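Heads up, the sequence shown is in our numbering, so the first residue is 1 and it goes up one at a time.
If you're looking for bench data, these hints aren't it; they were derived computationally from the structure.
Keep in mind the model is a prediction, meaning the values are calculated, not measured.
One or more of the hints may lead you astray.
Unchecked claim - Derived Cβ-Cβ restraints for the label pairs, each shown as a range: (1) Ala127 x Leu195: 26 to 34 Å; (2) Glu157 x Arg183: 35 to 43 Å; (3) Met19 x Pro145: 23 to 31 Å; (4) Asp128 x Arg190: 17 to 25 Å; (5) Thr140 x Leu218: 39 to 47 Å; (6) Gly210 x Pro145: 35 to 43 Å; (7) Gly210 x Ala152: 31 to 39 Å; (8) Pro188 x Asp220: 46 to 54 Å.
Idealized CB from N, CA, C, for every residue including glycine.
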Amino acid sequence: RAAAQGAEGGVAIYSYAWMLFQLPYGVLGVSLLTAIMPRMSRAAAEGDTARVVDDLSLGSRYSAVLLVPVAVLLTVAGQSIGIALFSFGASGSADASRLGLALAFSAFGLLPYAVTMLQLRVFYAMADARTPTLIIVIMTAVKVPLLLACPAVLDPEDVVLGLAVVNAAGFVVGAVVGQVWLRVRLGPVRTTEVLMTVGKTVLAAVPAAGAALGVGSLVDSGSLVDVGGVLGAWIDLVLSTLVIGVVMTGALLALRTGEMQAVGRVLLSRFGHRP
Numbered sequence: 001r002a003a004a005q006g007a008e009g010g011v012a013i014y015s016y017a018w019m020l021f022q023l024p025y026g027v028l029g030v031s032l033l034t035a036i037m038p039r040m041s042r043a044a045a046e047g048d049t050a051r052v053v054d055d056l057s058l059g060s061r062y063s064a065v066l067l068v069p070v071a072v073l074l075t076v077a078g079q080s081i082g083i084a085l086f087s088f089g090a091s092g093s094a095d096a097s098r099l100g101l102a103l104a105f106s107a108f109g110l111l112p113y114a115v116t117m118l119q120l121r122v123f124y125a126m127a128d129a130r131t132p133t134l135i136i137v138i139m140t141a142v143k144v145p146l147l148l149a150c151p152a153v154l155d156p157e158d159v160v161l162g163l164a165v166v167n168a169a170g171f172v173v174g175a176v177v178g179q180v181w182l183r184v185r186l187g188p189v190r191t192t193e194v195l196m197t198v199g200k201t202v203l204a205a206v207p208a209a210g211a212a213l214g215v216g217s218l219v220d221s222g223s224l225v226d227v228g229g230v231l232g233a234w235i236d237l238v239l240s241t242l243v244i245g246v247v248m249t250g251a252l253l254a255l256r257t258g259e260m261q262a263v264g265r266v267l268l269s270r271f272g273h274r275p
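Model the full structure from these sequences, guided by the hints.
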């Protein structure tokens, strides 16, 4: 309803941006949940709170290492993603660019979204379906007034961007409320440990974002390759992905991020020693 009160095409733009926002979580976050949920459920069934907290902390920290780089890519190359994937038909590049901007504006909510989903499943593992419902009610109570306010305070062209920000902010609220609730329910939940890992990934994101923005400016100016439109967007997207991946991996290893080192050991064990 709020999206329909903005510029033409707002509903479709918001819907596609939301779909793209969920995609990284669907690939990475769900895979992580699939790995840890069976043992978390066993621990909860056995009343082993310490193991439940261990898995909650582990899932949150690995979510940060996996999803913050993706959030950086969505922020830096959001417009290129929109143009590369949706600049066709009657909508053209203008709507595709707005879609990419909406994706970029919502990217900060990707990690909180994943953490909130993990927290809800901790409650489900403890056979508690009431608390997740209450958390969702709190998130909705925060989001709905802000969503309805967007058409009143923003220009029509910017309404969809405001909706994207509010939706992402709702997951920040959910993650904070969920963590506090779990602290009350389970005792210490190693929040400091999680925040340390998140801090390292954010610190590593700074040079990665700077390098990707530099590459993007070279592509846009034609200094690197003299192309534009959809092809230029694809080139920017591919180069930004490579740059962010390499820089963030190097920075996380340099910061001695245990989760990144664990991923590196797994890769080395699989591909580093061939018969």
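Kindly indicate which numbered hints from before are broken by the structure, ordering the numbers from low to high.
-> none
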